[in-house]
Amino acid sequence: MAPRLTAQELRAVCDPASLPFASTAELPPLDGMIGQERAVSATAFGIGMKRAGYNLFVLGPARTGKASTMRRVLTRTAAAEPTPSDFCYVFNFADPYRPVALELPSGRGRELREEMDRLAEECRSRLPRAFESEEFERQKSQTLEEFGRRQKAEMERFDAVVRAAGFALVRTPRGPVLAPAPRGEPLSPEEFAALPEQTQKELEARGAQLQEQLEAALRRLRELEREARLAHEKLVEDVAAATIRQMIQEQRDRFRGLSAVERYLGEVEGDLIAHAEEFRGLDEKPALPFLPAPGAFLDRYRVNVLVDSAGAHGAPVVLEENPTHRNLLGRIEHRVHLGTLVTDFTLIKAGALHRANGGYLILEAMDVLRNLFAWDALKKALKSRPCGSRSRCRS
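Letter by letter, the sequence shown follows residues 3 to 397 of this note's numbering.
Derived by calculation from the structure, the hints in this document are not laboratory data. Keep in mind the model is a prediction, meaning the values are calculated, not measured. Wrong hints could be hidden among the right ones.
Stated by the list, open to error - For each label pair, taking beta carbons as the anchor points, the in silico distance ranges come out as:
#	residue 1	residue 2	range
1	N94	R256	21 to 27 Å
2	R128	G55	51 to 57 Å
3	F138	R333	42 to 48 Å
Claimed, not checked - Here are the simulated BS3-like cross-link-like pairs (lysine-lysine), alpha carbons at most 27 Å apart as the crow flies:
#	residue 1	residue 2
4	K142	K154
5	K236	K154
6	K142	K203
Every residue gets a Cβ at the ideal spot worked out from N, C-alpha and C, and that includes glycine.
Construct the complete structure from the given sequences, taking the supplied hints into account.
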């Protein structure tokens with residue numbers, strides 16, 4: 003039979019004199035979990051697995067310091083790892099409904115956003131001045147006068163042919179029409195009906211031939227109008243290109259070596275030149291209140307910095323306490339326009355997976371499972387690894 007123990011024998015006694023400190027304030031903060039050396043070493047081993055598909059699952063009773071310990075260990079590890087890239091969304095000039103994602107070194111995303119805002123403002127002030135210059139007005143007047151002379155010469159040539167054939171060219175709201183004029187003045191319908199039948203037939207035959215020549219002359223006039231319009235557009239393009247390329251070159255020099263940004267700036271340059279004349283009326287109010295403001299098209303040159311790593315040191319450690327579908331994978335916000343919800347690439351907002359990309363994401367597994375669609379979306383995102391995701395799920 004086992005001996006019966008007293009209460010004193012069951013009580014652990016610690017002699018204060020045996021402790022090598024006068025107060026616990028002298029002790030360094032506790033780092034790690036008491037009595038969980040194996041769990042801590044397993045955590046370090048799991049963190050060291052740098053391959054896709056490896057995630058760390060921590061299991062244990064509630065209120066034992068799992069989350070705080072994981073966050074402390076991951077923060078210490080992440081501080082020695084490289085700072086991840088910035089991610090931005092920019093306008094897709096080829097397909098406006100599919101914005102382009104740019105990956106930039108840490109801090110360059112914010113810089114690109116500021117530089118593009120500055121570029122838009124410079125275009126807003128410098129392009130109208132370029133179109134108001136004396137040189138531009140002189141070249142524009144020369145172009146219009148040249149094509150005006152060619153159009154006038156074409157009409158005078160055809161008018162001479164018409165008069166020689168006994169007809170007159172009459173301008174009407176429907177355009178120029180031919181009228182019999184054997185004596186120099188157009189005949190009225192009554193005067194034409196009074197002519198001999200043979201004369202009427204001859205005039206009608208000559209009129210049919212002249213009508214074909216008139217249609218050919220009108221086609222040549224339309225071609226001249228088209229050439230004049232193209233010449234004007236070419237003049238505007240040349241003037242705009244000289245101004246825009248100078249400004250874009252500054253951006254190219256600033257972001258030299260970043261091929262994605264260089265391609266984007268090339269597309270911006272072409273689009274700015276194509277819309278150069280729209281900068282002339284930016285200060286005007288829309289003709290109707292429900293129409294977009296004249297400067298609304300400038301939004302396409304904005305940069306949406308989805309993940310900004312400027313000022314960060316090491317990899318991120320993100321603790322998402324409310325892992326809903328939107329909070330994990332991001333969201334697309336909307337604004338109201340005339341009672342309708344509209345959106346664009348500037349309203350795309352980052353989720354926890356975006357912010358933790360290249361670092362560590364800590365989730366409470368039960369919270370993920372309780373949120374509708376969050377678990378399936380999380381698995382699909384980690385499997386597809388969008389944008390080259392390197393984030394690790396730690397729960």
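Results for each hint:
no.: 1; hint: N94 - R256: 21 to 27 Å; in the structure: holds, 22 Å
no.: 2; hint: R128 - G55: 51 to 57 Å; in the structure: holds, 53 Å
no.: 3; hint: F138 - R333: 42 to 48 Å; in the structure: holds, 46 Å
no.: 4; hint: K142 - K154; in the structure: holds, 18 Å
no.: 5; hint: K236 - K154; in the structure: holds, 23 Å
no.: 6; hint: K142 - K203; in the structure: violated, 48 Å
Checked against the numbered hints given earlier, the structure breaks only hint 6 and satisfies all the rest.
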